[in-house]
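For the sequence shown, our numbering gives the first residue as 1, with consecutive numbering after it.
Rather than coming from a laboratory, the hints here were simulated on the basis of the structure. Computed from a predicted model, the values in this text were never measured in an experiment. Glycine is no exception: its CB is placed at the ideal position from the N, C-alpha and C atoms. Careful, some of the hints might be misleading.
[As the list claims (entries may be wrong)] Derived EDC-like pairs: lysine to aspartate or glutamate, alpha-carbon spacing no greater than 20 Å straight-line:
id : residue 1 : residue 2
1  : K164      : D214
2  : K35       : D197
3  : K236      : D66
4  : K80       : E121
5  : K310      : E261
6  : K52       : D77
7  : K234      : D44
8  : K157      : D44
9  : K222      : E261
10 : K96       : E33
11 : K234      : E33
12 : K35       : E121
13 : K51       : D206
14 : K96       : D200
15 : K52       : E184
16 : K187      : E121
17 : K52       : E261
18 : K35       : D232
19 : K222      : D206
20 : K96       : E145
21 : K187      : E145
22 : K220      : D206
23 : K211      : E121
24 : K236      : D44
25 : K146      : E176
26 : K157      : E145
27 : K28       : E261
28 : K52       : E86
29 : K96       : E176
30 : K28       : D206
31 : K157      : E171
32 : K208      : E86
[Said to hold, decoys possible] Simulated DEER-style distance windows between Cβ atoms:
id : residue 1 : residue 2 : range
33 : K211      : I143      : 35 to 45 Å
34 : M267      : S313      : 43 to 53 Å
35 : D84       : L283      : 22 to 32 Å
36 : S313      : K236      : 40 to 50 Å
37 : K35       : L300      : 17 to 27 Å
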Amino acid sequence: MVKNMKVRLLTIILIIISLTTTAFASDKYALIELKGSVNPVIADYIVNSIKKANQDNMQFVLMIMDTPGGLLNSMRDIIKAILDSEIPVIVYTYPKGAQAASAGGFIMIAAHIAAMSPGTEIGAMHPVSPFLNFSPDQKQDGIMEKKVLNDTVAYAKSLAELRKRNITWVEKAVREAISSTNNEALKLGVIDIVANDIDDLLSKIDGKKIKTKDTYVVLKTKHIHQQQYTMDWKEKILNYFADPQMVFFLFLIAVVGIGFELKNPGMIVPGVIGAIALFLFLLAVKVLPINFAGLTFIILAIILFILELKFTSYGLLTLAGIISFVIGSMILFDSPLPGGQIPLTSIITVLVVLLLFIFIVVRAVIKVHTQKAVTGIEGMIGEKGVATRDFEGKGTIEVHGEL
């Protein structure tokens with residue numbers, strides 16, 4: 001009798017331990033997407049989705065990712081949400097051709113399970129700062145750059161240690177900006193799984209025991225159902241325009257459109273386009289860390305280009321404008337991670353288009369406004385006429401066959 005009581009008591013204890021260490025497996029999982037640059041809008045969407053998945057008792061969160069990188073603060077917000085989650089967050093770089101670059105690499109490292117599909121890549125996590133290229137104190141800035149780099153390395157290594165990933169590779173990805181294919185990453189212990197698609201991934205993670213913040217979860221995916229969390233229409237609009245390149249283009253369209261309307265009142269179309277672009281730009285500024293010194297440099301550049309048309313500077317104003325435009329564009333967004341800045345190719349392309357617009361369209365407009373009138377009284381000023389009869393003071397003359 002006593003022996004049976006001991007067996008029963010031991011069984012109850014084991015059940016209690018099991019319940020406290022292994023979470024109940026739900027028959028649903030949450031699907032979210034991180035596509036495009038990592039910005040405050042998409043970070044809020046992902047953080048809120050992870051919290052909602054926890055509240056909805058989802059078994060896990062599956063994040064489909066394809067990103068070139070983005071803003072450091074937004075990346076940290078996403079990673080913090082992953083680390084705080086009571087349920088596993090699986091990050092899957094998908095489909096073929098997708099990338100987990102820069103900020104995306106950090107998010108992959110922080111995931112409870114990191115998976116990639118064939119034909120994808122991960123890495124290039126080196127921090128960069130365009131401000132250092134234009135600073136007079138290179139020695140001091142070299143120290144600052146080293147501090148940023150070391151801090152980023154330490155952060156990446158702490159995530160790798162937590163998830164038991166290849167620390168050596170992670171450090172090289174930050175210090176040397178190395179990248180790896182999906183198969184290379186798997187062999188090096190950077191990721192956990194290579195899966196062809198979502199169904200293949202669900203099959204491969206079935207039965208895996210995952211440690212979350214406070215407990216363990218055994219994944220059961222054989223008869224699991226998907227529930228997708230998507231952005232609402234407001235978030236989609238904000239996310240579309242909360243991209244460094246998009247904000248850059250909107251600002252230039254606003255300046256050119258409104259400036260053209262002010263120079264030629266009544267044309268309406270340039271002014272309307274410029275006003276809409278300005279409104280969207282101000283909307284995006286609320287969610288992106290804009291550097292207003294960069295804006296000032298770009299506005300100054302446009303002014304210098306226009307002054308070149310009015311004054312003879314033998315190209316000096318144009319050269320100064322080009323330098324000002326490039327500097328302003330490069331420091332417009334202060335993010336140490338690639339993907340959070342404007343690519344140099346985009347800067348050069350826009351610069352060429354802007355110069356062509358100013359030197360062709362604006363020059364033509366200035367010429368029209370400054371050339372001599374050919375009709376009316378203004379068109380007769382300075383012309384020679386023939387008197388039809390003698391007169392003193394006032395009289396009638398013939399100019400171009402007209403009296």
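Against the structure, the hints come out as follows:
1. K164 x D214: 17 Å, holds
2. K35 x D197: 17 Å, holds
3. K236 x D66: Distance ~16 Å between K236 and D66 Cα, so the pair holds.
4. K80 x E121: 23 Å, violated
5. K310 x E261: 19 Å, holds
6. K52 x D77: OK: K52 and D77 at ~16 Å, within 20 Å.
7. K234 x D44: Holds, at about 13 Å.
8. K157 x D44: This hinted pair is violated, its Cα atoms lying about 25 Å apart.
9. K222 x E261: 63 Å, violated
10. K96 x E33: 15 Å, holds
11. K234 x E33: 16 Å, holds
12. K35 x E121: 15 Å, holds
13. K51 x D206: Distance ~23 Å between K51 and D206 Cα, so the pair is violated.
14. K96 x D200: Since the Cα atoms of K96 and D200 sit roughly 14 Å apart, the hinted pair holds (cutoff 20 Å).
15. K52 x E184: Outside the cut-off at roughly 34 Å; violated.
16. K187 x E121: Within the cut-off at roughly 13 Å; holds.
17. K52 x E261: Not OK: K52 and E261 at ~48 Å, beyond 20 Å, violated.
18. K35 x D232: Holds, because 15 Å separates the two Cα atoms, which is no more than 20 Å.
19. K222 x D206: 7 Å, holds
20. K96 x E145: 35 Å, violated
21. K187 x E145: Roughly 32 Å between the alpha carbons, so the hint for K187 and E145 is violated.
22. K220 x D206: Answer holds: K220 to D206 is near 5 Å, not above 20 Å.
23. K211 x E121: 26 Å, violated
24. K236 x D44: 12 Å, holds
25. K146 x E176: Holds: K146 and E176 sit about 13 Å apart, inside 20 Å.
26. K157 x E145: Holds - the C-alpha atoms of E145 and K157 are around 18 Å apart, at most 20 Å.
27. K28 x E261: Between K28 and E261 the Cα gap is close to 56 Å, so the pair fails against 20 Å, i.e. violated.
28. K52 x E86: Satisfied, since the Cα-Cα distance of roughly 11 Å is no more than 20 Å.
29. K96 x E176: The given pair, whose Cα atoms are some 25 Å apart, is violated under the 20 Å limit.
30. K28 x D206: 13 Å, holds
31. K157 x E171: 7 Å, holds
32. K208 x E86: 16 Å, holds
33. K211 x I143: 35 to 45 Å: Holds, at about 39 Å.
34. M267 x S313: 43 to 53 Å: 28 Å, violated
35. D84 x L283: 22 to 32 Å: At 30 Å between Cβs, range holds.
36. S313 x K236: 40 to 50 Å: Because 46 Å falls inside the window, the suggested range holds.
37. K35 x L300: 17 to 27 Å: Violated, at about 36 Å.
The structure is inconsistent with the numbered hints 4, 8, 9, 13, 15, 17, 20, 21, 23, 27, 29, 34, 37, although it conforms to all the rest.
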